[in-house]
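Work out the full structure, taking the sequences as your base and the hints as a guide.
Chains as they are written, first to last, in my numbering: chain G, -17 to 300; chain A, 1215 to 1878.
Because the hints were derived from the structure by calculation, they are not lab data.
On a predicted model such as this, the values are computed, not experimentally measured, just so you know.
C-beta atoms are modelled at their ideal positions from N, C-alpha and C, and glycine is treated no differently.
Wrong hints could be hidden among the right ones.
A few chain A residues that don't get close to chain G, going by computed Cβ distances all over 10 Å [what the hints assert, rightly or not]:
| # | residue |
| --- | --- |
| 1 | GLY1328 |
| 2 | HIS1428 |
| 3 | HIS1486 |
| 4 | THR1497 |
| 5 | GLY1514 |
| 6 | PRO1524 |
| 7 | GLY1532 |
| 8 | PHE1634 |
| 9 | PRO1662 |
| 10 | GLY1667 |
| 11 | MET1701 |
| 12 | PRO1726 |
| 13 | GLU1767 |
Coverage of chain A stretches by chain G, computed from C-beta distances (three or more under 8 Å per stretch; other residues unrestricted) [to be verified]:
| # | stretch |
| --- | --- |
| 14 | 1385 to 1391 |
| 15 | 1453 to 1464 |
| 16 | 1499 to 1509 |
| 17 | 1675 to 1682 |
Read off the chains here:
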Amino acid sequence: MATTTTKFEFKIKDYKAEIHNDWCPGCGDFGILTAIQMALSKLQVPPHKVAVVSGIGCSGKTPHYMQTYAFHTLHGRAMPSVTGLKLANPGLTVIGVGGDGDGYGIGAGHFVNAGRRNLNITYVVFNNDVYALTKGQASPTIQKGMKTKSMSEESIMEALNPIALGLACGYTFVARGYALDVKYLAEIVAQGIQHRGTSLIDVYQTCPTYNDLHTKTWYEGKKPGQSGQSPLYRLDQTDYDPLVHDPTDRREIAQKKAQAILVSEQPDRLPIGVFYRCLVPTYEDFLEKRGVLKQDFDPATNDSHFRRDITPLLEALA
Amino acid sequence: MAAKTASHNSFSWMIGGPQGSGINLGAEILGKALCRAGYYVFANIEYHSNIKGKHSYYRLRISDRRVGSHVEEIHLLVALDEETLFGDLYHEFPAHAGHIHEVAEGGAILFEEGGQISPPAIQERLNGRSVHLFPMPYSRIVDQALATVGKAGQAHEYRIMNNTAAIGAATALLGFNFDHVAEVMLSGFHGKARKVGEMNVYCARAAHDYVREHFHGKIEFGLPTAPANRPTQIMIKGTQAVGIGKLKAGCGIQTYYPISPATDESVYLEEHQAEYGLVVLQTEDEVSAIDAAVMAAHGGVRASTSTSGPGFALMPEGLGFAAMTEAPGPVVCIYQRGGPSTGLPTRHEQGDLSFALHAGQSDIPRIVLAPGDLTECFYDTFDAFNYADRYQIPVIVMLDKHLATIYVTVPPYETEGLTFDRGALYDPQRDANGHYMRYRFNDSGISPRSIPGQEGGIFWTTSDEHDQVGHISEGVGNRLVKMTKRMNKMGMAEREIPDAKKFALFGRQDAPACIVSWGSTKGPLLDALARLDPEQQNYSFLQLRLLLPFPAEAVTKLLKPAAKIIVLECNYSGQLASLLREKTGIQAHHRILKYDGRPFSEDEVVTALEQTVAGGPEQLTVADGKVVDPAPYGRAEVERLLELRERSAKMAPPMVPLPPGYNR
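Structural data, given as structure tokens:
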């Protein structure tokens, strides 16, 4: 009996750039980087058809470690950058990456509006509660009353809930992963890339240098005072259903969003996996319907922009 | 009485009324009709940052030769409300005293009979000057028109149609063929709306006939004779000229955040985005607008964004990013308005020059262009994209409220000789050897760029200093090469861009006085010089169109023979004069400045130049049609208005909000 073997054309290493990585040893970022590379390999997206776009910070260096088109932009501006790139070159698989301060702090306005726009892109947020590259100041996701060893005082601001914010902004795929569970994170990222619409993947990321609260041991539930059981659990191993089955049903959308917020706000348990998924037309779909942009438009080969006749415009003004 | 031709061979017409009363539409219909009939028209509008009710006015200057500015006097004033004539004297601190004082001796005022405006009040304010008054029974005329669609007796609900009637009446007073107006008026109505169009034409015609019947031969000023055989021309605004320039240049994405007076350009492009396959992206702020444009340029399409001073204030971050990553663009159009801060959102100024030249971190290469009229707006915008691609550099096009909103007769744009320069591109044949480097050092200083998606063209880039590959580098050697690589583009652009695109010299090079200016002052300057110095003996005018890289050598040479160098511009400090000094060491002898939020008129330039060459001071400030000592003049003006308000207690209440008839 003949057997067929799947031969992977693009291996994980094909997405790895040959460059020295300067993240701290043990940084959670390594797990996220590998997960993205695994996801791309799983989906067999040719490296030259991928663009990874980051903001600024430790996470901002991610594009340098990718063997893809790579843009390390400005602090907080990953989403505007992704937006411009995707609309110019809609055939690319575009992945935005950035930190929690980048996305939920300085880039908060962009975060909100990227969700509303719903381009067919993926946004991975490296969430470690601190601004690490500037030596550990409090970020928007640090909980009120908490103080890492890098902070001089405890935080007196409420923590932002990225899941709830993402849902409020209109992200059509909202998920969360854990940087040190690389295999499952890769699965989530792959789902996010496959999702037609803007995918938000918030990732619990350990910062071994500045965040001494949410460490690997803490996520394992083994810190003194913890039960010994990890607070993390997988939503897909429960009867949780993230999918909106009828996207025209506003009640169902509201229910699915409410359920996602409820599970994301549990005091002692940290669910990971897909919280919410809803398939609606993307921004590009609307542009295509209007006749503005074809989704297979390739600026390298399509010269239609340079063959425009402005005579009708001038005639209308005569 | 035979109509005489107004001074300066042109007829000056104005319509004023509350915002929302349709004065734009009416003025533009008349302007387009006059253009089609062979005239040259220059029109400009002044309006408030307000949606409905505040005073706005639209001027048309109609001439037998090309004109590029307005004049102070008005030959026919169409007043749709009392404020147009007398100002906002109902206000606790009035801002203006209306336009009645601008009406020329022998000129005319058209107003509603039995309405808000009383003829005795007009006479009182005319103070003995002879001006013809034409009271019009608008509601009767509008009612007649409404009767044709079964809405007789509802004129009070359709006050907006007073504007239509006024256009018809003005057409008759001008002695202009009504058919031209009817044709343009109807062209705006299609399908089912055709009936509404016909009703409007009926209304305008009824007003026209009323004037012919009752006021025949009563106007002193008439239109000049239209020149014979004037080639076909278009009527266009600056925002459209720039928009069409972008479309022709192959722009693939325009990003913007709404801001006066830039928004109309993006809206115009939006209206045509499907026809031309152009993405118009409205972003959440200007930070996002410029970043999206930079990345679209990296992504492989030509990209631009349009804004005003307060919006550009959010863009230096993205400008630096574009320059650092050597993106091919974007083209950034800055429509300047009165500043600082929110300033005068709908008023004119050329106050962002210094900001545009210097905005950013460290040293940022950029090209700064300054078109001076609506022909140059098209061609400079087109060229901007070529420069962006060729030098992989951001290009700023300096525009302003005046250029944005003027509505002018111009020759249709010639696209025959236009060519596209996409600069150095990645060649898969040549470069796909596994060692492609986006920022490879080479002799030209411009590294071939790949477009994402191209096999073998993968590159990295970052806003950090980076090496040839695009990875972060803080090395000294690399830093030196990269900094010079980026900044050398300025020298390249200066060498390669032809002089004809950098500046223009009008008049004799050895004229005793040379006026140096930039941007939208070109129109009033050329008009003023045609009047002041028709033989071109006394003045030359050096118009600077490329402000960065500054053509220092050529400018120094051109200015050498001038005994007097006069810089004229619309800002407080003389920002071009500073640039001239910085780049050439030449200190202008005189500065003529205007920063009252309004553009120069022909008369203002004439007066200021006359005073300057007659031994005037180093700096003259112009406002309200004259040379003024700004602070004392402004204070006296404020006090005069307050006094006027005391004396005219009977001023009608403001039309804010507008009565329901305007809400159609």
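So, going through the hints one by one against the coordinates:
Against the 10 Å criterion, GLY1328 of chain A stays outside the reach of chain G, whose nearest CB is about 39 Å from its own CB. The claim that HIS1428 of chain A lies off the interface holds: its Cβ sits roughly 35 Å from the closest Cβ of chain G, which is beyond the 10 Å cut-off. In this structure HIS1486 of chain A is not separated from chain G by more than 10 Å, as the shortest Cβ-Cβ distance comes to only about 7 Å. Distance check on THR1497 of chain A: its Cβ comes as close as 7 Å (rounded) to a Cβ of chain G, failing to clear the 10 Å threshold; non-interface status is violated.
With a minimum CB-CB distance of about 3 Å to chain G, GLY1514 of chain A fails to clear the 10 Å threshold, and the non-interface call is violated. Once the 10 Å rule is applied to beta carbons, PRO1524 of chain A is consistent with being away from chain G; the minimum gap is 16 Å. Its beta-carbon lying about 7 Å from the closest one in chain G, GLY1532 of chain A breaks the requirement of being farther than 10 Å from that chain. Listed as a non-interface residue, PHE1634 of chain A fails to keep its Cβ farther than 10 Å from every Cβ of chain G; the least gap is roughly 5 Å.
No Cβ of chain G comes within 10 Å of the Cβ of PRO1662 of chain A; the nearest lies about 13 Å off, and the non-interface call holds. Chain G draws GLY1667 of chain A into its interface by the beta-carbon criterion, the shortest separation being 6 Å against a cut-off of 10 Å. Remark: the non-interface label on MET1701 of chain A is consistent with the geometry, its nearest Cβ contact in chain G lying 21 Å away (cut-off 10 Å). With a closest Cβ-Cβ approach of about 41 Å to chain G, PRO1726 of chain A is found to remain outside the 10 Å limit, as its non-interface label requires.
With a closest Cβ-Cβ approach of about 34 Å to chain G, GLU1767 of chain A is found to remain outside the 10 Å limit, as its non-interface label requires. Restraint check on the stretch 1385 to 1391 of chain A versus chain G: 0 residues with Cβ-Cβ distances below 8 Å, three needed, restraint violated. Look at the stretch 1453 to 1464 of chain A against chain G: 5 of its residues bring a Cβ nearer than 8 Å to a Cβ of that chain, three or more, so the hint holds. Coverage of the stretch 1499 to 1509 of chain A by chain G holds in this model, with 9 residues showing a Cβ closer than 8 Å to a Cβ of that chain against a need of three.
Restraint check on the stretch 1675 to 1682 of chain A versus chain G: 4 residues with Cβ-Cβ distances below 8 Å, three needed, restraint holds.
Hints 3, 4, 5, 7, 8, 10, 14 from the list above are not met by this structure, while the remaining hints are.
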